[in-house]
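**Q** Spelled out from the first residue to the last, the chains are:
There are 10 protein chains.
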Amino acid sequence: MLYHVFMDVTLPRDLPADETARILAREKAYSQDLQRSGKWRHIWRIAGQYANYSVFDVQDHDELHRILSGLPLFDFMDIRVTPLLRHPSAIREDDR
Amino acid sequence: MLYHVFMDVTLPRDLPADETARILAREKAYSQDLQRSGKWRHIWRIAGQYANYSVFDVQDHDELHRILSGLPLFDFMDIRVTPLLRHPSAIREDDR
Amino acid sequence: MLYHVFMDVTLPRDLPADETARILAREKAYSQDLQRSGKWRHIWRIAGQYANYSVFDVQDHDELHRILSGLPLFDFMDIRVTPLLRHPSAIREDDR
Amino acid sequence: MLYHVFMDVTLPRDLPADETARILAREKAYSQDLQRSGKWRHIWRIAGQYANYSVFDVQDHDELHRILSGLPLFDFMDIRVTPLLRHPSAIREDDR
Amino acid sequence: MLYHVFMDVTLPRDLPADETARILAREKAYSQDLQRSGKWRHIWRIAGQYANYSVFDVQDHDELHRILSGLPLFDFMDIRVTPLLRHPSAIREDDR
Amino acid sequence: MLYHVFMDVTLPRDLPADETARILAREKAYSQDLQRSGKWRHIWRIAGQYANYSVFDVQDHDELHRILSGLPLFDFMDIRVTPLLRHPSAIREDDR
Amino acid sequence: MLYHVFMDVTLPRDLPADETARILAREKAYSQDLQRSGKWRHIWRIAGQYANYSVFDVQDHDELHRILSGLPLFDFMDIRVTPLLRHPSAIREDDR
Amino acid sequence: MLYHVFMDVTLPRDLPADETARILAREKAYSQDLQRSGKWRHIWRIAGQYANYSVFDVQDHDELHRILSGLPLFDFMDIRVTPLLRHPSAIREDDR
Amino acid sequence: MLYHVFMDVTLPRDLPADETARILAREKAYSQDLQRSGKWRHIWRIAGQYANYSVFDVQDHDELHRILSGLPLFDFMDIRVTPLLRHPSAIREDDR
Amino acid sequence: MLYHVFMDVTLPRDLPADETARILAREKAYSQDLQRSGKWRHIWRIAGQYANYSVFDVQDHDELHRILSGLPLFDFMDIRVTPLLRHPSAIREDDR
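In order, the protein sequences belong to chains F, Z, A, E, S, P, B, H, R and Y.
Everything in the first sequence is counted per full-length UniProt numbering, starting at 1 for the first residue and increasing by one.
Everything in the second sequence is counted per full-length UniProt numbering, starting at 1 for the first residue and increasing by one.
Everything in the third sequence is counted per full-length UniProt numbering, starting at 1 for the first residue and increasing by one.
Everything in the fourth sequence is counted per full-length UniProt numbering, starting at 1 for the first residue and increasing by one.
Everything in the fifth sequence is counted per full-length UniProt numbering, starting at 1 for the first residue and increasing by one.
Everything in the sixth sequence is counted per full-length UniProt numbering, starting at 1 for the first residue and increasing by one.
Everything in the seventh sequence is counted per full-length UniProt numbering, starting at 1 for the first residue and increasing by one.
Everything in the eighth sequence is counted per full-length UniProt numbering, starting at 1 for the first residue and increasing by one.
Everything in the ninth sequence is counted per full-length UniProt numbering, starting at 1 for the first residue and increasing by one.
Everything in the tenth sequence is counted per full-length UniProt numbering, starting at 1 for the first residue and increasing by one.
I should point out that these hints are in silico values taken from the structure, not numbers from a laboratory.
Take the hints with a grain of salt, since some may be wrong.
Just some of the chain F residues that point at chain Z, by a computed CB distance under 10 Å [as the list claims (entries may be wrong)]: (1) S31; (2) Q35; (3) W44; (4) N52; (5) V55; (6) T82; (7) R86; (8) S89.
Chain H stretches covered by chain B per the calculated footprint, using a threshold of three residues with CB under 8 Å from any CB of chain B [stated by the list, open to error]: (9) 22 to 35; (10) 39 to 47; (11) 82 to 88.
Virtual Cβ for every residue (Gly too), placed ideally from N, Cα, C.
Work out the full structure: start from the sequences and follow the hints.
**A** Here it is in structure tokens:
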């Protein structure tokens, strides 16, 4: 099932530089693992913002929440989830 | 270039049924042509709403606007455009 | 899977009384069928408003959207969908 | 009487880890006691958020407020209360 | 139990003058009956607006909703309900 | 003259416990004096929130502002003032 | 006493031209009478909008409401009232 | 030219008392100089808030911005500027 | 002086096609005259919307308002005006 | 391609004065380089605010994002991007 996810990141100014670096490195690895597995279908940077629009393709709400709440940046994010489905005008049965 | 587009449709109640049908048929054909050409990369229905999230891959703002303002449903839509770019954590050079 | 749904109804003033009555009767039957089948788990009126909070327990986004867009009142509703999951503090494995 | 409650949690970053753990343990026990007593009828996690939708079944506003303001996490929550009642289309006399 | 209620009235322009007069007369009688019974404790006009803040003292959510949805002006109102309780600093046990 | 006042309290987390206690005790005394004098006609807690709806009956804007800005909690409050007047449907000449 | 008032006008398109002209003429006369009497202290057009900021100097809320609800354009206005008082830094005792 | 200005002040809690006193004294002197010169035409306190509505009569945007950004409290203010002009119903050619 | 203006157009559906055409033709001529005179410095279409961002360079608020309220589309526009000035980092004395 | 960019700056109070000065000097140089290159077409201060409206003329979203996220003040800004295109009523083929 598909979910549209908006993630808006706000890093606190007093986060030590090395801790920030560690978190960002873990975030990147975490995201790329999920992209490789096909669960994190798309991730796009929003121009001019420290934010992204993503599309997830997971089993159910539970799996989505496990993934999102496991994000190394989860505590620094505002997250909005929107359930998506096939559009009646889509030319593909399975647009992911 | 990629654009994230939110389209929210409100059909006026006094639109005659056959005119509605005609517009929707034209909208579907219009959308499917653009999907086949690769310009309308994704279109997803938002659960519970007469609305969609779409991703366009076009030359520039001009082409995007020509496409959107040419939508048979354009007069009945609230549209929001967000420019997207490759996310630094994306595993693909070219995630469309 | 569980979905929290907010439905806010606005009936247009010029809807003929008998058409309104017909739609409301169909809406009630439609809703009660789904309640009996267990898919429409809860429906509560919000005090002072022509609106309700509901909880649906369906297969996936598709089934939810089919149900919601099939509501006889769908054209007169503002609908907001929120995916729900088991809360880690819930005492029941399966709180529906 | 039924109340729909939205609780949105924001833990301050400088809360010491052990204090956080203590508060969360107390919150869980507090919530589970009330669930067992039947006063906290439902609690659902909202996907992707540190927030929940709950339904309370209590005597009156007073009891609700005593319960909510007694939450160990109360100081870290944004809370919205909505009074609910039986929906005229509900198939159950008593949908809790 | 006490409820704070905000009522904002918008009369459609095409409501015939005599129908408007009839509705307003019924609204006034309806309101005054409830004021006399003690259920509609307070009603204040908001300066410069066709709106009021009211306080109701009723048995439960059900009775409140029956009263509000029975208002002759109900279809032309935007209504917001807030449950109230005794304030810990109130000098009266029973501030209605 | 009557004023409807919404007060929403946010105590900063780093306020020392004894200072908080002192402020709250002064706030309570201050409020009760004004209630006894008849100037602070009503104060109701909003269910589930550290907030209240109040009604003041004072000479003029000046007196209202002197009272509100003198609140020991003033620095920690978001305050909204709405001027009220007799409602044409009120059964009492003088509903305070 | 002083009140800051924001008035935003929306004339319905189907108001006949002569009725519009009549209402506007009456509105102007009504406003100018009140300006001459000193009750409507200031009226300024907001650049680019069919709206104004005004300052009224009247006896009390009642008089303000009588004036505002008597505006020939009242039914076509969105009105917001804010009570004003002397600013502690004002050089005039009586800045109207 | 006339400008309507809304200024909303939020003093940070950790500003030392004497620094606060110094800033407020300078703010008052600064404001009174401009009032005397006729550039700061009106300043009114908004009831119940640490905020004011003001009217400035200055040469142009530049002068307005120089004045506003020179306010000793500028860093602690949220400021909204609205250009004003003579209202067609004003009885004075020059309502300042 | 420079003004940033946002114009959002909503044409009513029941405007006859030829009247629409006439208004749009007049709007275009009106705008182009002002562009030629240098008063309407910039006009840009916002991608995906029937809206524009413009920059005006006029004598004062009066002239701006005369121009805006004279727009053939004025009755069908939502307009927001923001006064602009030279930015301290601008490389040009006179960036219009 | 043209982009309309709104930048709203909030400098944290505890930023040391010399660090602030260094950042602002770098910001100015950075902005002026881009203005000279023609990529940062316009920058205007918004009257009364620590904010600006700018227009960028760059290759694509990527270049815009590189420029914006490279701003020395980026971490202290709220940024909104709007894609612009030639307006059909523009007298210039190329209004930058």
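**Q** All hints are to be evaluated individually against the structure, with a verdict given for each.
**A** Against the structure, the hints:
Taken as an interface hint, S31 of chain F checks out: its beta carbon lies about 5 Å from the nearest beta carbon of chain Z, inside 10 Å. Hint on Q35 of chain F holds. Least Cβ distance to chain Z is approximately 5 Å, under the 10 Å limit. Checking W44 of chain F against chain Z: minimum C-beta separation of about 4 Å stays under 10 Å; hint holds. With a cut of 10 Å, the hint placing N52 of chain F at the interface with chain Z holds, because the nearest CB-to-CB distance is about 6 Å.
With a cut of 10 Å, the hint placing V55 of chain F at the interface with chain Z holds, because the nearest CB-to-CB distance is about 8 Å. A cut of 10 Å between beta carbons decides the hint on T82 of chain F: the least distance to chain Z is about 6 Å, and the hint holds. Proximity of R86 of chain F to chain Z holds as hinted, the smallest CB-CB distance being about 7 Å (cut-off 10 Å). Against a cut-off of 10 Å between C-beta atoms, the interface hint on S89 of chain F holds, since the closest Cβ of chain Z lies about 5 Å away.
Requiring three or more residues with a Cβ within less than 8 Å of a Cβ of chain B, the coverage given for the stretch 22 to 35 of chain H holds, as 5 such residues are present. Check result for the stretch 39 to 47 of chain H against chain B: holds, 6 residues qualifying (beta carbon to beta carbon below 8 Å, three or more required). Proximity of the stretch 82 to 88 of chain H to chain B, defined as three or more residues with a beta carbon under 8 Å from a beta carbon of that chain, is established by the 7 residues found.
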